[in-house]
Amino acid sequence: MTHLLQIEDLRVTFNTRYGEVTALDGISMHVSEGETLGVVGESGCGKSITALSVMGLIPSPPGRMAGGSIRLNGEDLTQASEARMRELRGAEMAMIFQEPMTSLNPVFTVGDQIAEAIMLHQNVSRDQAFRDAIALLDRVGIPSPDVRARDYPHQLSGGMRQRVMIAMAVSCRPKVLIADEPTTALDVTVQAQIFDLLYEIQRDFGSAIILITHDMGAISEMADRVAVMYAGRVIEEARADDVLDHPQHPYARGLISCIPALGKGDLPDTLAEIPGVVPPLHLLGAGCAFADRCSHRLARCDSEQPRLIAHGHHPAACHAVEEGRI
Amino acid sequence: MTASFLLRRIGYGLLLMLGVVVLNFLLIRLAPGDPAVVIAGEMGGATEEMLESIREEYGLNKPLVVQLGIYVGNVLTGNLGESFFFNQPVATLIAQRILPTILLVVTAQVLSILIGVFLGVLAARKPNGVMSAFVSVFATIGYAVPVFWTGIMLIILFASVLPIFPVEGMQSVKLRDANLFVQMLDILHHLALPAFTLAIIYLAQYARLSRASMLEVLGSDYIRTAKAKGASQRTILFKHALRNAALPILTVAGLQFGNLISGALLVETVFNWPGMGRLAFDSILRRDYPTIMGVLFFASAMVVIANILTDMSYRLADPRLRGKG
Amino acid sequence: MSDETRTTYKAESPALEAWRMFRRNIPALVGVVLLTVIILATLYGTFFYTGDPFEIVWAPHEPPGVTPEFPLGTDYLGRDIIAGMLTGGGPTLAVGAVAAAITMGIGIAMGALAGYYGGWVDNLLMRVTEFFQVLPALLFAMVLVTLLSPSLFTIAFAIGVVSWPQTARLTRAEFLKIKNLEYVTAARAIGARDKRIIWTVILPNALPPLIVSATLTVGVAILFEAGLSFLGLGDPNVMSWGLMIGANREYILDAWWPVTFPGLAIFFTVFAVSLIGDGLNDAFNPKLRER
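Protein chains in written order, with my numbering: chain A, 340 to 665; chain B, 22 to 346; chain C, 191 to 481.
Please keep in mind that the hints were generated in silico from the structure rather than gathered at the bench. Check each hint, because a few of them may be wrong.
[As the list claims (entries may be wrong)] Chain C stretches covered by chain B per the calculated footprint, using a threshold of three residues with CB under 8 Å from any CB of chain B:
no., region
1, 362-372
2, 377-387
3, 408-422
4, 447-455
[Stated by the list, open to error] Derived Cβ-Cβ restraints for the label pairs, each shown as a range:
no., chain 1, residue 1, chain 2, residue 2, range
5, A, Gln467, B, Leu28, 39 to 47 Å
6, C, Val318, A, Asp477, 33 to 41 Å
7, B, Glu237, A, Val360, 23 to 31 Å
8, B, Arg341, C, Val318, 27 to 35 Å
9, A, Ala649, C, Ala205, 18 to 26 Å
10, C, Ser203, B, Ile329, 42 to 50 Å
[Claimed, not checked] Under 10 Å between C-beta atoms, here's a sample of chain C residues computed to sit facing chain B:
no., residue
11, Thr226
12, Ile228
13, Ala331
14, Val333
15, Thr336
16, Leu337
17, Ser341
18, Val460
19, Val463
A virtual CB, placed ideally from N, CA and C, is assigned to each residue, including glycine.
Could you put the whole structure together from the sequences, leaning on the hints where they help?
Written out as structure tokens, the structure reads:
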């Protein structure tokens with residue numbers, strides 16, 4: 340079966356002062372048209388690197404695609420030229436960033452910034468692009484869009500700016516929309532509105548959405564499938580309900596149990612249920628990266644990397660699960 | 022841009038200029054010796070009648086406050102005093118020389134910003150590239166070279182080795198009667214070396230500054246957004262990044278203007294450029310205080326005006342400041 | 191967590207770390223060596239090479255490298271250029287150092303008071319600072335030197351009086367940043383007086399950028415002194431590099447060497463100082479270095 344976007348065994352490395360470290364260690368995931376894939380994990384686990392890899396925006400140097408493939412409609416993006424990537428970016432795939440406050444250029448009006456995205460990929464006049472931008476602002480629920488289009492980013496609230504970012508991202512009806520923690524910087528009430536908007540956009544445009552978040556509540560509302568990441572690997576992947584109801588990997592169990600009652604809210608920076616933090620990438624050893632924090636640790640966990648294979652319910656990369664000990 | 026901001030800015034500028042007038046007044050009184058003799062100029066060999074008329078004109082036997090009032094009143098009516106060395110009113114002397122100075126300073130400023138920013142942007146494309154190394158070495162050298170010495174070295178080079186630019190003055194004598202266009206070309210031809218000499222130091226600084234500023238901006242989130250839209254590298258550099266990186270450059274350009282005038286003083290002296298710097302040099306050697314004070318007044322006025330223009334363009338360039346008080 | 195991670199987070203005194211960064215910075219070390227050589231040459235050069243720089247010792251415009259006694263040639267009057275080079279550096283360097291000290295003194299005092307007290311004090315002092323920034327520095331210095339009659343001290347004083355505004359702005363900015371930090375509040379909570387907080391709590395923490403600025407100020411002051419001497423506003427009884435260039439500038443098309451060598455000397459001195467300044471800057475701001 341081929342998917343709209345298929346990431347296969349992707350490896351991304353960075354040159355740091357500790358030498359070359361592996362930020363993504365052979366990850367695979369896929370998303371189909373109209374589907375939402377949730378990618379969860381603590382900060383530093385490789386979620387954003389995955390998103391930037393798809394967009395071809397890994398800063399290079401120091402970053403480097405060291406192996407694997409990213410196929411969009413069958414076309415391998417890791418082999419695509421920079422010119423081809425520019426054609427695809429913003430048109431076929433678009434991204435919404437975490438920080439709406441700083442992700443818009445402060446010296447151009449929001450209307451101009453949306454119009455620019457349109458003009459880069461469609462052969463329309465400046466005036467037409469600006470009119471389209473106003474229509475998009477209207478579509479993402481900004482009141483009096485013709486006035487707001489002439490505003491500069493600093494004149495808008497955080498939630499409004501994120502709506503502008505969404506309008507910009509969907510301006511060319513991209514097939515894949517990547518939302519990297521789109522609501523982290525926003526108020527709780529605004530968060531819900533933004534998710535509603537993303538949901539509507541998906542319904543109207545049929546885009547595939549990759550939702551990167553550490554808000555398990557958002558996952559339970561938005562995602563069809565979930566990939567749980569830890570230290571540059573996917574350690575569990577399945578339908579959202581399966582992961583939420585029957586988490587396999589001890590880390591996924593920890594994440595799920597962090598969800599407060601009613602399953603809503605953000606993860607704290609450190610997880611009370613999972614002591615410790617994600618180890619720095621340059622200190623990863625041969626075994627399971629989670630071993631140090633794991634309460635089900637086995638002898639082989641220190642020496643042998645667990646593989647992501649289905650045991651019982653759905654795939655998880657854990658020796659303890661594999662041996663049926665949890 | 023609000024008119025009230027502009028008015029307030031101009032009002033403040035006038036206040037600063039009043040300060041310069043008061044400072045001038047105090048400086049003459051601070052100078053050792055009889056102020057009348059100071060005003061007449063120590064080299065002048067002024068007669069007792071001249072001194073008496075100076076005392077009369079400046080009210081030197083009246084109380085200090087009254088003297089200050091008279092002085093300020095004189096300046097307000099355009100009377101900057103008489104140069105006893107040049108035997109001309111100071112205002113006339115300066116009127117003859119202010120345009121060449123403005124021409125030199127503005128040309129040098131424009132040259133240094135345009136070339137400097139261009140080099141800085143090129144360097145910022147590759148933070149560890151050859152161009153970056155060149156910009157930082159060039160900036161350190163540009164900072165360390167005495168501007169008058171650069172001028173002298175260029176004169177030696179262009180007078181003896183490569184005589185394509187005139188090394189002295191502003192106009193060729195034989196072209197004085199030519200038509201206006203030819204005369205303008207002639208002035209530009211003479212302007213080349215002095216303007217370049219003056220520009221070179223600041224050019225180096227702008228290059229370094231715009232490189233740093235561009236690098237900072239290029240790392241910001243909105244540049245990533247522009248890339249995610251599919252914008253080309255040129256659009257990202259010259260549209261998205263430069264508009265933002267220009268803000269600190271603009272600030273420095275405003276602050277540098279005073280230094281540029283100081284540099285022009287030396288460059289005019291080296292190249293015999295008939296401007297205010299040359300006048301300052303001549304009048305200081307003769308201790309012609311009314312002329313010196315006149316030059317100080319007008320040079321400061323140029324800085325004040327440049328600062329107002331900078332503030333205005335800053336507000337135009339940064340929408341976050343527009344409409345604020 | 192392994193031991194290795196812990197070592198990376200081990201705290202180190204900032205001054206020591208800055209010194210370690212500086213020591214590894216090759217351009218900065220070149221600057222130190224260059225400046226040391228120049229200072230030693232101007233201090234002790236006259237031991238080995240005695241000669242009055244004002245004395246006419248030979249035919250005018252002897253080119254360099256022709257007569258072994260005058261390796262750098264003679265100027266338009268027949269004065270020995272190398273004697274001028276060796277004796278002319280001392281005054282330039284001394285004026286540069288004293289002027290920088292005056293600049294830093296006025297600038298730090300104004301900036302510290304403005305930044306610490308804020309309110310009307312800040313307002314007043316910043317208006318004064320802006321006023322001084324309106325006066326073109328070299329022109330104002332020329333006026334001051336002329337009024338006070340030129341001597342090494344009046345020149346240093348004049349340069350100091352015209353150069354302090356930038357230091358004041360920098361100090362003020364640092365004070366504004368630091369004055370609300372917790373350790374300052376803590377000092378205030380235990381009842382330390384303003385004077386003590388300004389000088390012993392805030393100022394030491396504002397020092398890194400001020401040290402860099404002081405170094406660069408020395409360079410600017412040397413250029414200032416050279417400019418004033420070049421214009422003939424230096425102390426007429428003291429030989430200096432700027433004076434040598436100024437005195438010979440009418441004859442540059444006859445002889446390049448009397449102006450070239452002193453100019454190079456000024457250039458290399460300021461160059462060395464600015465390499466050191468850049469090195470200090472990098473050492474104090476390791477993050478900027480990675481750019």
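A quick look at each hint next to the structure:
1. For the region 362-372 of chain C, the stated coverage by chain B is violated: 0 residues have a C-beta nearer than 8 Å to a C-beta of that chain, whereas at least 3 were required.
2. Evaluation of the coverage hint for the region 377-387 of chain C: breached, as 0 residues show C-beta separations to chain B shorter than 8 Å, against a requirement of three.
3. Judged by the Cβ-Cβ criterion of 8 Å, the region 408-422 of chain C is covered by chain B as claimed, because 7 of its residues qualify and three suffice.
4. Using a Cβ-Cβ cut-off of 8 Å, 3 residues of the region 447-455 of chain C lie near chain B, which meets the minimum of three, so the contact claim holds.
5. Restraint check, A/Gln467 to B/Leu28: a C-beta distance of roughly 41 Å satisfies the suggested window 39 to 47 Å.
6. Here the CB-CB span from C/Val318 to A/Asp477 is close to 54 Å, at odds with the stated 33 to 41 Å.
7. As the Cβ distance of B/Glu237 to A/Val360 is approximately 25 Å, the hint placing it in 23 to 31 Å holds.
8. The given range of 27 to 35 Å is respected by B/Arg341 and C/Val318, whose C-beta atoms sit roughly 29 Å from each other.
9. With their beta carbons about 58 Å apart, A/Ala649 and C/Ala205 fall outside the hinted range of 18 to 26 Å.
10. For C/Ser203 paired with B/Ile329, a C-beta distance near 47 Å keeps the hint of 42 to 50 Å intact.
11. The interface hint given for C/Thr226 is violated, since its Cβ lies 17 Å from the closest Cβ of chain B, which is over the 10 Å cut-off.
12. With 10 Å as the threshold, the beta carbon of C/Ile228 stays out of range of chain B, its nearest partner Cβ sitting at about 12 Å, so the hint is violated.
13. Checking C/Ala331 against chain B by beta carbon gives a least distance of about 8 Å; that is within 10 Å, so the hint holds.
14. Because the beta carbon of C/Val333 sits about 6 Å from the nearest beta carbon in chain B, less than 10 Å, this interface hint is met.
15. Nearest Cβ of chain B to the Cβ of C/Thr336: about 5 Å, under the 10 Å cut. The hint holds.
16. Because the beta carbon of C/Leu337 sits about 5 Å from the nearest beta carbon in chain B, less than 10 Å, this interface hint is met.
17. Taking 10 Å as the C-beta contact cut-off toward chain B, the hint placing C/Ser341 at the interface is violated, the least distance being around 13 Å.
18. Below 10 Å, beta-carbon pairs count as interface contacts, and C/Val460 has one with chain B at about 4 Å; its hint therefore holds.
19. Hint status for C/Val463 relative to chain B: holds, with the closest Cβ pair at about 8 Å, below 10 Å.
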